[in-house]
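There are 2 protein chains.
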Amino acid sequence: MIEYSNRRIKLNGGIILDNFRFYVPTDIRFGKDRLASELTQVLDTFGKTVLIVYGGGSIKKNGLYDQVIDLLEKNQNNIVELSGVEPNPRIETVRRGVELCRENQVDVILAVGGGSTIDCSKVVAAGFYSEEDPWEFIVGKNGYQGDALPIVTILTLAATGSEMNAGAVISNMATNQKLGVGGPAMMPKVSFLDPTTTFTVPAYQTAAGSADILSHLFESYFNVTEGTDIQDFVSEGIMRAVIKNCPVALETPNDYDARANLMWASSLALNGLTRNGKHGVWSCHAMEHELSAFYDITHGVGLAILTPRWMEYVLNEQTVTKFVEFAKNVWGIEDENQFTAAKKGIQATYDFFKACGIPMTLPEVGIDEEKFAEMAQQAVAHSTIKTDAFVPLTEADVEAIYRSSLTESSFA
Amino acid sequence: MIEYSNRRIKLNGGIILDNFRFYVPTDIRFGKDRLASELTQVLDTFGKTVLIVYGGGSIKKNGLYDQVIDLLEKNQNNIVELSGVEPNPRIETVRRGVELCRENQVDVILAVGGGSTIDCSKVVAAGFYSEEDPWEFIVGKNGYQGDALPIVTILTLAATGSEMNAGAVISNMATNQKLGVGGPAMMPKVSFLDPTTTFTVPAYQTAAGSADILSHLFESYFNVTEGTDIQDFVSEGIMRAVIKNCPVALETPNDYDARANLMWASSLALNGLTRNGKHGVWSCHAMEHELSAFYDITHGVGLAILTPRWMEYVLNEQTVTKFVEFAKNVWGIEDENQFTAAKKGIQATYDFFKACGIPMTLPEVGIDEEKFAEMAQQAVAHSTIKTDAFVPLTEADVEAIYRSSLTESSFA
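One line per chain: the protein sequences are A and B, in this order.
Mapping the first sequence onto our numbering, position 199 (from 1) lands on 199, and the numbers just tick up by one.
Mapping the second sequence onto our numbering, position 22 (from 1) lands on 22, and the numbers just tick up by one.
For reference, chain A alone in the conformation it holds in the complex (with noise of 0.2 Å):
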């Protein structure tokens, strides 16, 4: 029989943190020049039949496709290509990927891009060995528990963190439905992150990557489980390292410290090492989820617009505390009132997203406050915020935070 001690349980009412399983067997091979050496060797203990998955064509701008091609075509590999992958991947093509793999008796998958392009393959991957049309167990609710292809995956964007995780996000544009779907089978069995393949990112979705990522980061940090200080400390860490290296990369596209720090920011800021251990459920994600599903829009660029706005609803008395750690160890801001302190450092947060280039106002992006009701009852039809956030929030409260993004905002 275990005696927990007192101290605690007056603190918390015995509330300690979570139980967690931590697994991430994803091969990480970070660093440049590594493809031509390392490629086809990984593949091979695959098969040989190749499956490259890829979006708007990006990486034939920029080389990276010839290079691809070359190696395996080089190393006798049978290639099939799954192209045109959207910024939010669609059904559609993830039936079209499923589709190609039966035909060809794929090996395994090549997602040659950033989160949208690896999230397709994951579901393409899973969608091989189902029975189902995959948008049965993406809307189902016990995520996907069956087989799926291998995954490798070449990433080209610092943001999602889906190259180390078992998490996709698809898009039915149909039914206005963004949904995720996740399952221990879908995560990528090798990664290769080379910075240098972000270079020839744009300013602009280098911005939107950052925000996804600081958005990770925010959505576990902001929660309500207690004790999770190596969590909570190194997101604060990881959240510093794209603080700095953001600006630099914007300014220098070609900064490979820069670039890498970004990188290597997306694939820790949600592989659990910052969420394990907590509960709850995420609120920005799943508001900005329905930004995208109804307008398409970047959703770096929505999850941009929401935090700031998002922060301020939600700080309150019970609250504020985690605001002034926020505040201090982050941005280095100090205030004798608490409140204050918590201020400034949203304000931080959204002159920092500004300063960044990225549009703060939701009219910027086109979108009007005419879906704002419809919207709002679908983030919370399709989650829990209701009653498992940092602070509940219910379709009045969505509809309110929607609203306080129609125009620029002072927080402090």
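What the hints contain is simulated information worked out from the structure, not anything from laboratory work.
A few of these clues could be false.
Identical copies go unnamed one by one, so any copy, or any two together, can satisfy a pair.
Only pairs whose alpha carbons sit at most 30 Å apart, straight line, appear in this in silico DSS-like list of lysine-lysine [stated by the list, open to error]:
#	residue 1	residue 2
1	K322	K32
2	K141	K32
3	K328	K278
4	K344	K328
5	K141	K328
6	K32	K278
7	K74	K189
8	K60	K278
9	K278	K61
10	K344	K322
11	K328	K244
12	K244	K322
13	K344	K61
Dock chain B against the given chain A, drawing on the hints supplied.
Leaving out everything else, chain B in the frame of chain A:
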């Protein structure tokens, strides 16, 4: 042809963070009350004959041994035991373990203990498949590249991080050698991290373990490679978590969250996360290994004694910036004068260890100057600190650092 920004090349002659591989497939089961439902299930995936490895019997006092035996008996496992693993595990014990595995056709090794027990288990696991005597591949320079028996661990001490990496340190008292060895197959398959198993760890061991964790972080943090913000900022976060939670665990040994943070810190401090992308060798471990090899002292205590003296010794115009960052980001100490700030950070480190009850001079742990010269020679001979350390160290440097540890110190 990739072009790097001139800025970086100007700054550091084109030196960027190193390529690295991060592949840590240990399945971490973190939290309380998991063994009853998960342990035998995990073991059964490898086989029925289990070698249980443990140390001096603390697990018999706290009930963990009985619990494990009970679970395995009910599961009809064949149980083989290797007990009495030393705090600095010895090659003779390893050889005894290999014999037991071969005689009993062991399928899986269950290490129940701290780093010593797990390290011993790793080399037994490798020794089972090796045609050489284990000491041969330990003294070899190429690590261990062969197969190993699968290892499952139940961690009972937050310290070495052995539960989530592929390394081990084994002592040979006959030759006064304490040497590290590692290999991919030696990484534990599954590690159970239950903070409650550390509730009964005595204060002295809790403090020494925390010093060991901090030392692992320091050894990689103070490093010549530039551009490793993620690694460094994450490391600072883990340092802060240890510095916050160790005193809580000392005052309230059954504080779950404090023990949980120390335990998770142990694993993350030495699984590559804070180290990858950096080159060069560790300094304090090389110097401390000789203290342990000659005097068999507690590893973490030796590290705590040497570390602040080493910090002061290597503080100079080139390294001061890093020490200023350390003082600010870890201890919250700032000063207009760089060297003053740096020294205050070193003083804080010393004071922290002292406040944790660690004896902070060598004579307090039974070491006088008699063997300083010999140990300094060995420290340089067994490592590459003379060429590859943060600040290269000769035999004379090492001896000076030993000498400065003879009496109480004041740095700031």
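Now the hints, each set against the structure:
| no. | hint | result |
| --- | --- | --- |
| 1 | K322 x K32 | between (38 Å within a copy, 26 Å between copies) |
| 2 | K141 x K32 | between (40 Å within a copy, 27 Å between copies) |
| 3 | K328 x K278 | both (22 Å within a copy, 28 Å between copies) |
| 4 | K344 x K328 | both (10 Å within a copy, 21 Å between copies) |
| 5 | K141 x K328 | neither (39 Å within a copy, 46 Å between copies) |
| 6 | K32 x K278 | between (35 Å within a copy, 15 Å between copies) |
| 7 | K74 x K189 | within (23 Å within a copy, 36 Å between copies) |
| 8 | K60 x K278 | neither (41 Å within a copy, 32 Å between copies) |
| 9 | K278 x K61 | neither (42 Å within a copy, 32 Å between copies) |
| 10 | K344 x K322 | both (13 Å within a copy, 28 Å between copies) |
| 11 | K328 x K244 | both (15 Å within a copy, 16 Å between copies) |
| 12 | K244 x K322 | both (22 Å within a copy, 16 Å between copies) |
| 13 | K344 x K61 | neither (42 Å within a copy, 52 Å between copies) |
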